[in-house]
Amino acid sequence: MFTSQEIIETINMVKQNNLDIRTITVGISLFDCVSESPQIFIDNIKKKIANYAGSLREVSNEIEDMFGLPIVNRRIALTPIFLLTYSFSYDDLIKVAIAIDDIAKEIGVDLIGGYSAAVHKSYDEKTKKFISSIPEALAQTERLCSSVDVGTTRSGINLDVIKHLGYIIKEIAFKTKDKDSFGCARFVVFANAPDDNPFMAGAFHGVAEGDSAVNVGISGPGVVKRALEEKKDASIEEIYETIKKMAFKITRAGQLVLKYASERLNIPMGIVDLSLAPTPKVGDSIAEILEEMGIEKVGGYGTTFALAILNDAVKKGGSMAASFTGGLSGTFIPVSEDCGMVKGVEAGALSLEKLEAMTSVCSVGLDMFVVPGDTEPEVISGLIADEIAIGVYNNKTTAVRIIPAYGKKEGDEVNFGGLLGRAKVMKINRFSPYKLINRGGRVPPPIISLRN
Amino acid sequence: MRAIITVVGKDKVGIIAAISSLLAENNVNILDISQTIMQGFFTMIMLVDLQGAKLKFSDLKELLKKKGEEIGVDINMQHEDLFNSINRI
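Sequence lines, in order, name chains C and L. Oh and the first sequence: position 207 is 207 in my numbering, straight run, nothing missing. Oh and the second sequence: position 50 is 502 in my numbering, straight run, nothing missing.
Calculated from the structure, these hints are not laboratory results. The structure presented is a predicted model; accordingly, all values stated were derived computationally and were not measured. Incorrect hints may have been included.
To be verified - Here are the simulated lysine to aspartate or glutamate pairs, DMTMM-like style, with alpha carbons at most 20 Å apart: (1) K513(L) <-> E64(C); (2) K517(L) <-> E142(C); (3) K517(L) <-> E64(C); (4) K15(C) <-> E514(L); (5) K462(L) <-> E477(L); (6) K427(C) <-> D412(C); (7) K508(L) <-> E58(C); (8) K519(L) <-> D65(C); (9) K232(C) <-> E292(C); (10) K46(C) <-> E171(C); (11) K259(C) <-> D533(L).
Just need the whole structure built from these sequences, with the hints factored in.
Here it is as structure tokens:
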């Protein structure tokens, strides 16, 4: 039997400190759906997705009820669609995107990822056609997510794609201007993209992932913050230990949910992603943890240091609690999705430059931040190039999810609602990298790629 | 299947009686029970066995919740595995 204290603590983790599971994500391979006929391909994928993930909603609800543990999102990750649609026309690609979005709505999943391509090496006509379809695909859909991998430590960086993506992102912003350029929130540019990431917008089902797998993304910044509140005068070692222990407990809950989801969906267990994911709710924020660690406002000096400690301690504690770890496994620092980060921007403490520095010690990169709508495409490409360099040259995953909100100026507010939250338009450095970006070509892999 | 039932609320006559009779009616066996007053609140924790239960988990949970509303306490039931996972290696 458990002690009363253990039981009360566990219940309070959920009830008072927002412990939840961010997502159960079912990865589905679509290789056996391939057809030269777009219509047959669409029929095949609809059938397969419904067959594998049709009960995802019901199963998640049942698990939620059984453990009294909220599961915030139900998601699906697909084989990168680019790999399956070489011969399709632009119009057919849009039809595929709409069909995927429809099936997501039909079976009641929150987001569906995989309108994706890996183009870190070659950027040929077929790839260009696919990338060019992304803005319209996102404009015509609501739940579809898209990602592009533009660099890996093993193969270098593709500057041609980065150049093009500056324009693509502006186009997404324009095409979804009625919703504060919301389409940009469903598109992410990656370096070293993981194959088994359960988090959006970057989830896809990698080619080595088998027919299907279920992955779980944990959450729980509130629990860590609460534990630190009781350590007001503790040394940094004690802070580290406290985070580790809490990360262990949170991840154990994730592993438990993964086990039950796998059994009930009859889909093999994939990974647990050890990421503390915030929500816009007060008390569910990464920035609040960093501030609890002792920084007056997130973005002030010491923030990168505190984040590095937090990120490392979460991984150490979490790795023992999960059978297989994977995905992004680090700390998320999106701006709009974290009320503490938003306040940091509003107070003038958190700049884009500081945010970039922070991404060098955590997982997901420059995420969910809004810049003025008239930002030049080359400036966006330059910002992407900087972030991708951090990933490629440090052998880690990074990403950029930037929102150049159409018609908005620095200081304006943008509200996406729900999990995606709200944010103030940030100041962006407008000195132009035009010449550099327009050189184009491929950057050779860094020396750390030669490991054999 | 075993579950943990927690009851939190203002202390009054008959809380344990009301809950245990509801459990007995549904053939749920109480394996362990502890009760304290924490910060002025009545707090009861029960470990129960649902193997022979007449109702399925979600229906029983709902019934307990309703009973709680009736007698003015907060009743919750969660699968034991959550506590095992979080508190035991």
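For this session: Sort out which numbered hints this structure fails and list those numbers smallest first.
Result: 2, 5 and 10
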